[in-house]
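Engineer: Sequence:
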Amino acid sequence: GEAADGAAAGHDVLKGGSDAVPVLAKEDDEAGEVWQARGHKFVGRKVVRSFEGAAVHGKITLWLPATDEDAALFHCVHEDGDEEDLEECEAEQAIAAHVEEVVKRQAAYAAKRQKVVGGRRTL
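For the sequence shown, our numbering begins at 1 and goes up steadily by one.
Worth double-checking, as some hints may not be accurate.
No more than 20 Å apart at the CA atoms, straight line, and that leaves these computed lysine to aspartate or glutamate pairs for DMTMM-like [what the hints assert, rightly or not]:
(1) Lys41 x Asp80
(2) Lys46 x Glu90
(3) Lys41 x Glu87
(4) Lys46 x Glu83
The hints are simulated quantities; they were obtained by calculation from the structure and are not laboratory data.
Please build the complete structure, drawing on both the sequences and the hints.
Structural biologist: What follows is the structure, encoded as structure tokens:
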């Protein structure tokens with residue numbers, strides 16, 4: 001498809017009516033690769049990655065569909081501003097780590113609420 005003019009900085013929108021897909025062509029991409037902002041269940045998902053023992057939170061913002069030669073990739077933007085491209089198995093693990101963190105937080109909150117009796121905390 002042909003890119004529409006006037007799109008946001010760094011982003012183009014492929015023409016296609018209501019099915020227009022925002023895309024980002026990263027500078028280091030080979031010719032013909034088009035990163036997509038829609039069309040995969042991982043796009044928009046929150047992730048947790050571990051770097052040197054520290055949890056780093058982020059979000060999958062784009063994906064590059066698989067080709068005959070290469071597997072799909074998922075572009076992740078971290079809260080600290082770093083970015084990385086993940087293979088599908090890495091993206092799945094990062095999404096699972098975020099879900100696990102949320103479940104642990106919910107369990108801790110529920111346990112804390114159970115200790116509250118009559119509006120007062122018990123010892």
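Engineer: For the pair supplied as a hint, Lys46 and Glu83, confirm whether the alpha-carbon distance does not exceed 20 Å.
Structural biologist: The given pair, whose Cα atoms are some 13 Å apart, holds under the 20 Å limit.
Engineer: Starting from Lys46, check that the Cα of Glu90 is at most 20 Å away, please.
Structural biologist: 13 Å, holds
Engineer: Going straight from one Cα to the other, do Lys41 and Glu87 come out at no more than 20 Å?
Structural biologist: Holds. Lys41 to Glu87 sits at ~14 Å (cutoff 20 Å).
Engineer: With a cut-off of 20 Å on the C-alpha distance, tell me whether Lys41 and Asp80 pass.
Structural biologist: 24 Å, violated
Checked against the numbered hints given earlier, this structure breaks only hint 1.
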